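Take these sequences, add in the hints, and give me the full structure.
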Amino acid sequence: MKRKLLQFFLWFIALSMLGGLVFAYIALRGHSRYAIQPNLTRVKIVGVDEDAFLKREDIMAVLPISLKDTLPQPLSLSEVERSIKSQIPYAKKVSAFVSPTNHQMTVKVDSRRPILRLYTNDGAFYLDDEGTAMRTKSGVSIYIPVVKADHADSLTIRNTLFPLAQFLSEHDEWNTFFSMIEVKGDNRIHFYPRVGDYIFEVLGTSTLAEDLPKIHTFYTKIVPQVGANHYQLVKLSYDKQIVCKRRQKP
1 MKRKLLQFFL WFIALSMLGG LVFAYIALRG HSRYAIQPNL TRVKIVGVDE DAFLKREDIM
61 AVLPISLKDT LPQPLSLSEV ERSIKSQIPY AKKVSAFVSP TNHQMTVKVD SRRPILRLYT
121 NDGAFYLDDE GTAMRTKSGV SIYIPVVKAD HADSLTIRNT LFPLAQFLSE HDEWNTFFSM
181 IEVKGDNRIH FYPRVGDYIF EVLGTSTLAE DLPKIHTFYT KIVPQVGANH YQLVKLSYDK
241 QIVCKRRQKP
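Just so you know, the sequence shown maps onto residues 1 to 250 in the working numbering.
In short, the hints are calculated from the structure, not lab data.
Every value quoted in this text rests on a predicted model; they were computed, and no experiment measured them.
For glycine and all other residues, C-beta sits at the position ideal for the given N, C-alpha and C.
Do not rely on the hints blindly, as some may be mistaken.
[To be verified] With a straight-line Cα cutoff of 27 Å, these simulated DSSO-like cross-link-like pairs (lysine-lysine) come out:
(1) K148 - K235
(2) K235 - K249
(3) K245 - K221
[What the hints assert, rightly or not] Estimated spans, in silico, between C-beta atoms of each pair:
(4) V223 - E57: 50 to 60 Å
(5) E210 - A61: 29 to 39 Å
(6) T176 - N229: 21 to 31 Å
(7) G139 - Q232: 19 to 29 Å
(8) L203 - V46: 30 to 40 Å
(9) Y143 - S99: 22 to 32 Å
(10) Q225 - R56: 55 to 65 Å
(11) S95 - E173: 31 to 41 Å
Put into structure tokens, the structure is as follows:
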């Protein structure tokens, strides 16, 4: 028993010391200034389509140095990281480090990854893979699901839009199957396929894995029996069944 207590005590001391060292490093790094040669600075971009949202020239422009300078000068790496994070909205993570041999600074910038494009009464924006709103960028077009909703408050994003975006991002088949998705009232979500004039309806996002595969059943079992133009609204959120509503005559 005493031996176990001693081992626990030693582990506790070791972890406390390690935590203290990490904290001290972070604190010291935040106040330390490193000698860098500005004209050797390089930027590395990591992420979706590499430079779809992040451009090296944009990142270079917000660095707190003149990249034409050839003489080493002191610079805070934390200041570099903060400057990029605060001025580049598409930067997810920024890491700066310096080579001790030639004073070259390398800035690594991870791009945010949009997984859903949303159109609302308040405008259009992306939702990234962390569930955070991300503004669109002129001239950039990426192939991700498009969703229409009247409003997108924090509750709707957390309970509906982000779970929907995650599901589609993780299931390639459904990620490209629909031309438009519409969030309606009463927890209803309408899916419009790229091919065929149908509306597939589900209730909420908790049963998407069970509901959406019923679309295959609709196409292979129901359409051959009644014809392609017989039904329009196809409700998928019923247990082990599909409920269809006839197409209205013109």
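For each hint, the structure was consulted:
1. K148 - K235: holds, 19 Å
2. K235 - K249: holds, 19 Å
3. K245 - K221: It holds: about 16 Å lies between the C-alpha atoms, which stays within 27 Å.
4. V223 - E57: 50 to 60 Å: holds, 52 Å
5. E210 - A61: 29 to 39 Å: violated, 49 Å
6. T176 - N229: 21 to 31 Å: holds, 25 Å
7. G139 - Q232: 19 to 29 Å: violated, 37 Å
8. L203 - V46: 30 to 40 Å: Holds, at about 39 Å.
9. Y143 - S99: 22 to 32 Å: With a Cβ separation near 38 Å, Y143 and S99 fall outside 22 to 32 Å, so the hint is violated.
10. Q225 - R56: 55 to 65 Å: holds, 58 Å
11. S95 - E173: 31 to 41 Å: holds, 36 Å
When the structure is compared with the earlier hints, violations turn up for hints 5, 7 and 9 and for no others.
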